Structures are given as structure tokens and as C-alpha cells.
Amino acid sequence: MDLTINADASLLDWAFHAIAYLFKYLSKELLSDMIPTYLLLSKLIKDHRLFIRVFAAEAYGFLLRKAKGDIMEMTYKSIIKSLEMDSSTSYSEGVALIFFEALKGVKEKLHSRASVILLTVLSFLDGTSEILMETCKNLFHLISNHSTNENLREIWTIIIDFNLKKLKEATENQSTSSWGSVRQLLSVTRVWVGSHKGGRITSCKQVYQFLTLVANSCSDAPLNVKEEVVRISLTLLILCKSVDEVITHGKKLIDSIFLWPEIVLSYRLRLRNYIQDNWDAHQNECILILSDILGSDFKYIKSTISASMLGIDGLLRFPTIRNTDITINLLEFIQTPREWSTYTSEFMSTQTLNDLKSDLPIVSAALTILTHVSVENFKSMEAYNSLLKQLILALNQNTEERLSKVGIISGEAKTAIANLAALCLEIIITRAVAICDYDILDTIWELVMNTFLESSLENPFALETIATFVETLNS
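Going by the working numbering, the letters in the sequence shown line up with residues 1 to 475, in that order.
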């Protein structure tokens, strides 16, 4: 008789209590018939009503917890195999509930056999069953909602160690199935990292070290594995609330995943909030990273950006977060008065990026960012004109004498300043055309034609930009 068709919740409650008591007192006898018993309950496990699935999972979970050895292995294998026969969401959630009830303890704790049960389930992730991966994700959600951080420390260690074990196997044999297992484990672990907005992470340092090791070990991994490494890494970077830990422990992880620019491209805009949060303390580094993020293929990914992240002009919009307005900071940064010949000398003598003190490449990077950012035209034009004037005057104010004093003989410094001025002029032209305000160009005609042109006769980029400037005004 199918009692589940009865709408009387009280009757169903008593019916499942009866089943639970039968399982409890007949557990020794039922352990030898675990699979047939499960087959009888499977209809309840996949019922469309959540409370039915919960009742059934509680009853069978108690029995599953007692299974050991070969019986345990065969039972889990049978349950997981049944997922391939029925990959519905309700059944997947029902199976996750069974596993959860088996490892759940009392008062927000986990059962003493929780680690054994969890490892048994995870061991079946072989890279082929996507429905099992989703079931494991559901299981992790249930665990994180039930327990506290103090009770999850052991689980974190188990998950990390098991990931590293599977990663070692994959790097040694390079088989498709091994890498598939690594991908699925990382995907499941990502749910664990992101649970409660990172609130279930017991040690950010531990997770950073783990993911850095994973990223460094996946240089020869398939593309989909690298993608999963990037996903879980960005999840950690964005959710970890300690900036100090991001900077100290996360730097190596960031360096590792940025070795795969073709993958990070797909997740560039997710870094916006991360950069904004760290702008005040690490402005130059953030400018360089953001320039690299927006500097190429922005049009390609623009169609995937949420409308809330774009201004009315279709460009990227940075909201003010905790009194940090990146757009205003960038405009103030580029128009700050500078001794450009000195900065250029430092840039030309720099051997590595870590030794870089000159503002020249930082200003260039800031200009690259601003070409993709929505900003009020008055504010942006004021900043661009100020920068352009500084650069052109630096080129023409006793140029030979000034550059020789700072030790530049080859003329590379002059070329660097002229190129930056040309880039700035190019942006001004683009903005003027976009808003159909050519008076902006009229105001700088004398500066460009009488001063900039004279000092840029041997610079192809500058000459081309000046030609575009003239053509734009004539049209």
C-alpha cells in the first residue's frame, strides 16, 4: 500500500517513524540486504516532495552508517550507479540527503564515521558522472549548513588531502580519467570554499597554499581542469575578507593562474570588486592588473557583462565602494604634475618590473583603463588635457639639455614621452567623436600643431595620431 499518496502529514510522519524503528531494531538483519532495502525505498528517495525525501533519507541513513567493509562498498556503488539510471534533480537531492544523514551527528557535530563515509563517496568521482558531482555538491551544502567551523576542521583536512592525492595520481599517469577526477573534486571543493560567502573557511592560509600547489601542478593539465582551478581561485580571492591574507598568501596564487591568460579572460570582470577593495593600499599594482584585464579583447567579453556594470555609453562603470571611486582616482592620478624626463630616465634604466619606480608605465596603463571606463566628459577631458600639456611641454622645454642631464643619449626617453602623448591625444579624439563635441579639439589645436608636431617629426605613431587629429577636425 502506497502511503505517500495520503495527504495526511501526521499519518506520514508516524509511518516513517515506524520504518525508522524497524531499521533500528532490525539493523543486523537488514545489513545483509542493504541493496534490496534501498531499492524498496528508492521511490521515496526520488519523490517530488522534499519532506518525503527527508523522511526516507533519515531512515536509510541510519542503516547506511552501520555498513562496513564489502557491504559498505557494494551499497555505495549500487546507490551511485542508480544515479546514472535516474539523473533527476529530486533523486540527486535525495541521494545527497541519504549520505548526509549517514554522516550527520548531533548538536551541529558530525558522526565519528563521517570521514570514512565522505571519502567513500568522493572516491567514486572518476570524471565521468556529472550527476554524481552535482550530488556531492548538494552534500557539501548540507554539511556546511549543519555544522560549525570548529567541527569542520577535520573535513577541510580530508578534502584537501584527497584532492592532493588525486592530483598526484593525475600528474604521474596523465590519464584522462585521472584529470577528470581532479576536475570534479575541485568543482565540489569550490562549493565548500564558497559556502556561506567563505564563512566556512577555517584557514585562508591553508586553502591558499593548497590552491597554489594545485595551480603549479596543473601546467600540463587539460583546459577544463585549468578552468576549474581558476574558478575556485577567484572564488577564494573574492570571498576571503582579510586583505592581508590576500596580499601575503594570495600573491603566489594570483601569479600562478595569470600564467593562463586565455582562461582568466573569461573571469576578468569578476576581479573588479577585488581590485576595488585593494585600491588604496596597492594602487600601482591594481592599475597594472586592471590594465592587463581590460587591455585586450574587451569588446569580445563586453556582451557577457551585466547591464548593471555598464554606463549609458556602454563602457564599464565602477561604483563607489567604501568611499573608493576608481574612476576619479584614475583621473586624478594621470593629471598629477610630474617631472617627466626624470621619470623616463628611471623607466629606461629599470631591469625588472619589481624595481620599477617610474610613473610612465603606470600612467600609460591608467590611460588604457580609462578608454574602457564610463566617466563624465568634463572631468575626463580636463584630466586628459592636463596630461597632454605636461607631456608636450616636457618634449619641448630645452629637450636636448634636459635629457642629457639624466643620462639618456639614444633618444629613447623622448620617444617614450612622445608615444604617451600620442596615446593621450588619441583618447581625446575618440572621446570628442563619441560625444560629437569637436570644440574640444579646437582648444588644443595650437598645442598639438605648433608644439607637439615640431618635436615628433621622427615618431611614426605620434605623426599618425596628429594626422588623425587634423582629419577629424576637417571632417
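Warning: the hint list may mix true and false statements.
[Unchecked claim] Quick list of in silico lysine-lysine cross-link-like pairs, PhoX-like style, CA-CA up to 20 Å:
#, residue 1, residue 2
1, Lys81, Lys68
2, Lys66, Lys77
3, Lys43, Lys68
4, Lys77, Lys46
5, Lys137, Lys205
6, Lys77, Lys137
7, Lys252, Lys205
8, Lys24, Lys66
9, Lys379, Lys389
10, Lys43, Lys77
Read the hints as simulated data drawn from the structure, not as lab findings.
Please read all numbers here as calculations on a predicted model, not as lab measurements.
Hint check:
no.	hint	result
1	Lys81 <-> Lys68	holds, 19 Å
2	Lys66 <-> Lys77	holds, 16 Å
3	Lys43 <-> Lys68	violated, 25 Å
4	Lys77 <-> Lys46	holds, 18 Å
5	Lys137 <-> Lys205	violated, 23 Å
6	Lys77 <-> Lys137	holds, 18 Å
7	Lys252 <-> Lys205	holds, 12 Å
8	Lys24 <-> Lys66	holds, 10 Å
9	Lys379 <-> Lys389	holds, 16 Å
10	Lys43 <-> Lys77	holds, 18 Å
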